[in-house]
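Enquirer: In order, the protein sequences belong to chains F and W. Residue numbering for the first sequence follows my numbering, beginning at 1 and increasing consecutively. Residue numbering for the second sequence follows my numbering, beginning at 10001 and increasing consecutively.
Keep in mind that the hints are not guaranteed to be accurate.
Derived contacts from chain F toward chain W, CB cut-off under 7 Å, selection only [said to hold, decoys possible]: (1) Tyr253; (2) Gly519; (3) Asn939; (4) Val944; (5) Ala984; (6) Ile987; (7) Phe989; (8) Val1036; (9) Asp1041.
Cβ-to-Cβ under 8 Å is the rule here; a few derived chain F residues that face chain W [stated by the list, open to error]: (10) Asp256; (11) Gln872; (12) Leu932; (13) Thr979; (14) Gly1010.
Keep in mind the hints are simulated off the structure, nothing from the lab. C-beta: ideal position from N, C-alpha, C; glycine also.
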Amino acid sequence: MPHQSPQALAAPPTPTRRWPFLCLVLLWGLGGLIAAVVAGKAWAEPGPDFERDIRPILAEHCAHCHGVDAASRAAGLRLDSREGALAGGDSGTPAIVPGRPDASQIIARITSSDPDMVMPPPTEKKPLATAQIGALRAWVAAGAAYADHWAFTPPRQQPLPGDDPAANPIDAFVSARLATEGLSLSPPADPATLCRRIHLDVVGLPPTREALAGFAATGADATVASLLASERYGEKWARHWLDLARYADTNGYEKDMPREMWAWRDWVIAALNRDLPYDRFVIEQIAGDLLPDATQDQIVATGFLRNSMLNEEGAIIAEEFRMVEMFDRMDCVGKAVLGVTAQCAQCHDHKFDPLSQDDYYGMFAFLNDTHEARSYVHTPDQIATRAEIRCRVAEAEAGVRADHPDWRGEIAAWERQVAASLIKWTPIVMDEMSSSGLLTHPAQLDDASILMIGHRDGEMLFEAEPALAGATGLQLEALPHGDLFLGGPGRDGIWGVAEMTVSVRRPGAAAWEPLTLVGPSADHSNPERLDVRPASADGKQPERRIPQGPVTALVDGDTDSVWESDRGPGIRHQASVAVVRFERPLDLPAGTRLKIALRMPAGGLPGQQSRMLGCCRFSLTGAPEPSAPPIDHGALLAIRTPAGKRTADDEAAIFSAWMKTVPDLAPRVEEIAAQWRRLTPGPTTVLHLARRAPAATRRTHLLDRGVWNKPLGEVVAHVPAALHPFPADAPPDRLGFARWLVDRRSPLAARVAVNRVWQAIFGTGLVETPDDFGTRAPVPLHRDLLDWLAVDFMDHGWSQKRLVAQILASRTYRQSSRATAALLARDPGNRLLARGPRFRVDAEVVRDIALTASGLVTHAAGGPGVHPPVPQNVLDYNFVRIDWPTATGPDRYRRSVYLFRRRSMPDPLLGTFDSPNGDISCARRVRSNTPLAALAGLNEPVFVEAARALALRILREGGSDDGHRVDHGFLLCTGRLPTDAERATLIAFLDTQRRRLAEGWLNPREVATGATDALPALPPGTSPQDAGAWTLAARVLLNLDETVTKN
Amino acid sequence: MAVPHPFHPPIAPPAAVLAARARARRWFFRDCGLGLAGIAAGSLLARDAGAANPLAPRTPHHPPRAKRVVYLFQAGAPSHLELFDHKPELTRRSGNLPPAELLAGYRAAFINPKSALLGPKFAFRRHGRAGTEVSDLLPHIGGIVDDICLVRSLHTDAVNHAPAQILMNTGSQQFGRPSLGAWTLYGLGSEADDLPGYVVLTSANGTSGGASNYGAGFLPTTYGGIPFRPGADPLLYLSNPRGIDRDAQRASLDTLDRLNSLALDAVGDPEIAARIQSYEMAFRLQASAPELLDLSRESPRTLARYGIADPAAHSYARNCLLARRMLERGVRFVQLFHEAWDTHGDLVNRMRNNARDVDQASAALVADLKERGLLDDTIVVWGGEFGRTPMMQGGTDGRDHHNRCFSVWLAGGGVRAGHVHGATDDFGFNIVADGVHVHDLNATLLHLLGFDHTRLTHRFQGRDFRLTDVHGSVVGGMLA
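For reference, chain F alone in the conformation it holds in the complex (with noise of 0.2 Å):
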């Protein structure tokens, strides 16, 4: 184990082993505790271990010139290949001649006292210590024998140590592994200590009273199973994946805009407490939309990989930014589920594992065509419903075959006769696109369609120079695009185009002309509807009624007049079409250049209802009186797609239309309609993963330095060469790698996902790094256990909730967290695991302690975000003013896990506790201890509301004498009763505290309230005096150490 300190300050790094004759050493490293164990053996014989010794010392001081990134190799030589060190490089020389050091040139270089020749060299400011370099001459003299990274290689189950066939298998392993460290497990924790530590690990909430009184009775097994089957399991443990998946309810940069998210939240919950295996788990969120016959819920899951920030600043880019959610992306699979560095192989192949840029670049092409989609969560009746509405519309449609036997030949003549009257459109390709505000910056696509994402803005300007001679008219194409919401054509449902106008300048002009459009149709308009505009006050703007619906809006000079083709639920969206005339046909030379814009109604701040149109497309013909059919433009679409290249939608949307023109099959249309019309929006929505079109396949490259818009060559879909294959047989898509992810194969799916359980469990993994399970992560301490521990997972069907039992029910687990002077001076890190777990809970437990122990606590299940109390010397600092509906009532008090999230205002009192704002995949929180944590236990509005009522608790159930209130308050807030002296203290403060209440020097309804003049609900036979005593001591109790550690 190399020194893990990577930061050498005043001092020259320390030699942090004394090879050969060291028997024990723990280091501290930076991220916590990294213990190198090291048994006592002379290096001699067998030599050092390769995996434990050897591979650490090449990733750390030689991979980054000689391993697997062939840009920065060094004199073509590889040390991370045996190969590559015994045919040596360039030079042919080899670096290892195995069991020959003095004749190895590894030994000569890393021993030279030449600086030219000393490796590493200087300038890499990372010598070897004596003891690394002598490892390395004892396994060069063992024979360099090398081994495939350990977390590379599936995990295979060890024979359980020991002799005793019914030992639980973990403490078989650290049975075992402590007795050679001459230790044991400790004893085990007391029933209240394991009661509450159950409670805390299985539903984080601590136990009730009747649970802890009930405990002995009940049992360790009984309790745990029956608060697997709670519904606040999946609460607690959504969490951590929520940090992995860097959820949160905003998105992200300046304006932090809020999003819906939250259904995707309440998935993870109930998916939890459902026990949806992990294999399962994983595939779902990131391709469940591609698994046949994809429920809501499946989609719902695909958010997973759509909790990315989301740009939306004036004047971005929407593709750097999206290419930035792609890295992002990455990064979080590579975190939560590979447990891979994968984002240093973005802009170059990694350094020290093998996982090449071509590598990174081939599972991003898995994930990368993809939707960026947002689509409405409804709920099961609303599902029901439309279940229940493509029956009655298949029946209606099957009645329209039956009573048009032929239907398929009128279909097809009624095509021939539309497609005989269909003018010649051509596409206009723009040369410069933005929008008045200049903050918006439109992307036109292959097909001329131009999308429009990023900053909403209301007014678009398109320039072109077209060929312009003879153009008689100008069409308008509201289209659907994937990337927006429900497939568009409007950026966020409902959208209108407010006035359209052109203009064209001549070669050599530098004044535009407008240009006058007339006789404007479109394939469907609303029928006119009148929006008041009341009065302005001053009475200056007198009342307005204007006109929305009607396409004349388009060109009437009244920039308030809206175009609105919205068909109603279900089938709003769909394409739509205007068309308008030029006054003459254009007499303009070549060179003329022409500039639309289209002003929208397009919102965009906090408030504000977006009707912005999201993606359209332009063209102009040289027909004569060019108009639009009153055909649905979806079917005009369909007809002009050749008949081999036309999708199940596109024969539906030409059915659609055809049926429309049939005047016997009105009363079947009208049932259609009436159909649709039953639609009801969902209550909320969610982002999630949509496929594209094969039509609109979207390549992917290898990008230059990983920068978004320097492609080099394209790559196809792959996975590392280095991991387990892919299935030939599965398909090469995003579901395809969903499954590999997740393979039985997988050298790291289960590690992975076993060693975060246990680090949720223990405080720290049994890979100390759960997101690094690289050759720079250390073999850990109790590799036999995890690997025991990943293929009884896998054995058992993935299940998390057998897994958690598995744990808990070990000694390892029971055992006291007691820690010995001798024993926190062996292993202060406890990672060998000879006392129980002890650590500060996570910043959401703390707050439901308080809120539990308080009674305070609401539990129901999901939901939007509960806007906690936040300082509003903090509301006011934000880049956009927002809203902030501050939760009263029992929403108030819900569980932390339905907090409203924020991200550029990290919750003041979660953040201070160490709770990610999700700006990025977090794996592993640290865990401070700091005044201001202090400050917020004490003070902050909702603690200080549970201490008063913790109080008033205290005096309800309590007792009558301040000797038994303690015991309650102990009782409640660390599962057990005090001891003499810790009675005696608290019945002091108490006494002290009640006679400054008397003599007035604190106000007993102030301290008990908040407030001078209010009285507390007082319980029967108690004071204000009680109430403000004890809303003190309250405080204290919800401040022990104690009462916020897992103990």
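Chain F is already provided as a structure; the job is to place chain W on it using the hints.
Expert: Quick look at chain W alone, frame taken from chain F:
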């Protein structure tokens, strides 16, 4: 409120509590095997070691030129063309299109790059011994020009605010990295007993980069910047709940100490000792923070010098004076954020107003630190996240984002005072001499603080991360 009483009896901590505190300290420094000496010697072994104080002062790689930093972050991107980089040629060509060769390969954030040039809106004049040109908008900064190193050749990679701000502050456009202040605290520890080591002060609007501008990233939370906010509770939850006075607080904490100490004895977890310390520090903060923010003992001359009319009113100027008071109390890194400079339009008015808000106080801070002997080992940095285009935007009264060059200035320990570093072309569009990338600036700042920026690293996900990623060179020309 408590009834006022002339002889308010203070409650002395009982002997048991004093003993418990002493025991906690012992745990802290001896029983954990982590004595102060070991920490001060730069032993990284202590860094995350359970109860060890992660903020204990540490010695850097080489003798530092400065021990403290005040970073006056001008968010929104001030126009270098109106402030520090005088371009008479731009005046002559105002209204004309820029030469085509200037725009080859250029990406503007907002405007059509083929927009007309816009001459500087304010006159410049020469200041100081070197005759450095500074805009008439900044007469006070002009007055300290011999004390500063003006860099006219800074450049950055990002053209949008949020990515550019976090690039300036964290060395990366990707979120999640530690800020310069966090790295500084990580490297040097804190010398403030009763205040956070890294304090953030804000004026004008919220920043685009949000809390990530001063976050700890993947470093322990302890190293992140702590905002002091306007209003009654400058630190989050600093004030006791209504009705609880300081004596009740003291008695509560004594009781808490006593109970936690009993637990420490029973369980032996050093983390308990650390928690006892945290609560003690919290109690001290409750006194030290209001004292810090109370400007009533500053002389009228000092207030006038900073341009503070109302010492209680929240302003950039007040923040500058607070910064000095924090430095005096051992705060390692103070960062002011003034988000006000995004002048796509209304350039003249907004520049004038912003200059009025920041010029005098920024200069006063440098002069005040100098008078008090603090400037010798303090670095003052003044600058934003990018510059503005020489082309106009929104009529003739606005400028777009520009990342190819912009101006910042530094003052203080180890900084080459009275020097102008780098130069731009006649349009203030491209750098023509001595370009300084954001990474170079950060490498230089770390150098002044005693660090080799390539060695101030933290291992995260198997990689040794650093503020300057794999880039950055110390800019010798900026050093005294």
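Enquirer: Quick one: which hint numbers does this structure break? Sort them smallest to largest.
Expert: 2, 5, 6
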